[in-house]
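Student: Using the sequences and the hints, build the whole thing.
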Amino acid sequence: MDETQNIESADNKDLIIFRAIELMIDNLKKNVEHMRKHHEYVIAVRDRLLDDIKNERRIFILASGRSAMVGQMFQTRLEHLGAESRFITNSRSVPRVKEGETIVVISGSGTTPIVKAVLETYLIWNPYVIVITSYPLSVIGRLGDVTVKLIGRTKTDLARREIGLDSTLTPEGTMFESAALSFLDGIVAELAIALNLTEESMFDKHNQGI
Numbered sequence: 001m002d003e004t005q006n007i008e009s010a011d012n013k014d015l016i017i018f019r020a021i022e023l024m025i026d027n028l029k030k031n032v033e034h035m036r037k038h039h040e041y042v043i044a045v046r047d048r049l050l051d052d053i054k055n056e057r058r059i060f061i062l063a064s065g066r067s068a069m070v071g072q073m074f075q076t077r078l079e080h081l082g083a084e085s086r087f088i089t090n091s092r093s094v095p096r097v098k099e100g101e102t103i104v105v106i107s108g109s110g111t112t113p114i115v116k117a118v119l120e121t122y123l124i125w126n127p128y129v130i131v132i133t134s135y136p137l138s139v140i141g142r143l144g145d146v147t148v149k150l151i152g153r154t155k156t157d158l159a160r161r162e163i164g165l166d167s168t169l170t171p172e173g174t175m176f177e178s179a180a181l182s183f184l185d186g187i188v189a190e191l192a193i194a195l196n197l198t199e200e201s202m203f204d205k206h207n208q209g210i
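The sequence shown: position 65 = 65 (UniProt numbering), numbered continuously.
Derived from the structure by calculation, the hints contain no laboratory data.
There could be a bad hint or two in this list.
Stated by the list, open to error - Label pairs and their computed distance ranges (CB to CB):
{"no.": "1", "residue 1": "A44", "residue 2": "R96", "range": "23 to 29 angstroms"}
{"no.": "2", "residue 1": "E200", "residue 2": "A117", "range": "26 to 32 angstroms"}
{"no.": "3", "residue 1": "P95", "residue 2": "D14", "range": "44 to 50 angstroms"}
{"no.": "4", "residue 1": "D14", "residue 2": "I43", "range": "27 to 33 angstroms"}
{"no.": "5", "residue 1": "A194", "residue 2": "P113", "range": "31 to 37 angstroms"}
We put the beta carbon where it would ideally sit given N, CA and C, even for glycine.
Tutor: Structure, rendered in structure tokens:
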């Protein structure tokens, strides 16, 4: 059987990709319902970041691994909103934080060693800490002034042997990371409306390289 025949036969199957995407969509729906029940945390995050932007306070994003990519995308959107934001890459590039400035921490397990170490370094400057995690009672989760719980299978779940076929389709922190990205994009939408910004005005900043 040649390569073309292999491709054609694959078209007739329920490809694994569809199941993987369905699992992520199902998890996002669970998170929407969860956040509706606990909307006070969503409002707290929105209101804090809105106040930061209006008062020109810097917003720092702290994350590691794939969560760092989520954080970098969020930082880009904050800049489109006119916020002054910084992404922290590692413990050797820790910029000074002024008292009362905000740090947004993204860690599915709430135990990421490098994130914990950097956050503890920052605490001496008394920042306002927003934590996004699947484990609010984790060591990082407990350090938040506001901690948002997102439903997602993390590395901690793997350690607990909660493993099956679905874990292969959405390995390690995939569920959490997709939920975190959706949550933060939703926060950006809230902020854009509150600031009376349009897509055009946001992307004017993007085109200016801000």
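Student: Each hint should be assessed against the structure and marked as holding or not.
Tutor: Tested hints:
no.	hint	verdict
1	A44 with R96: 23 to 29 angstroms	26 angstroms, holds
2	E200 with A117: 26 to 32 angstroms	41 angstroms, violated
3	P95 with D14: 44 to 50 angstroms	49 angstroms, holds
4	D14 with I43: 27 to 33 angstroms	41 angstroms, violated
5	A194 with P113: 31 to 37 angstroms	36 angstroms, holds
Hints 2 and 4 from the earlier list are contradicted by this structure; the remaining hints agree with it.
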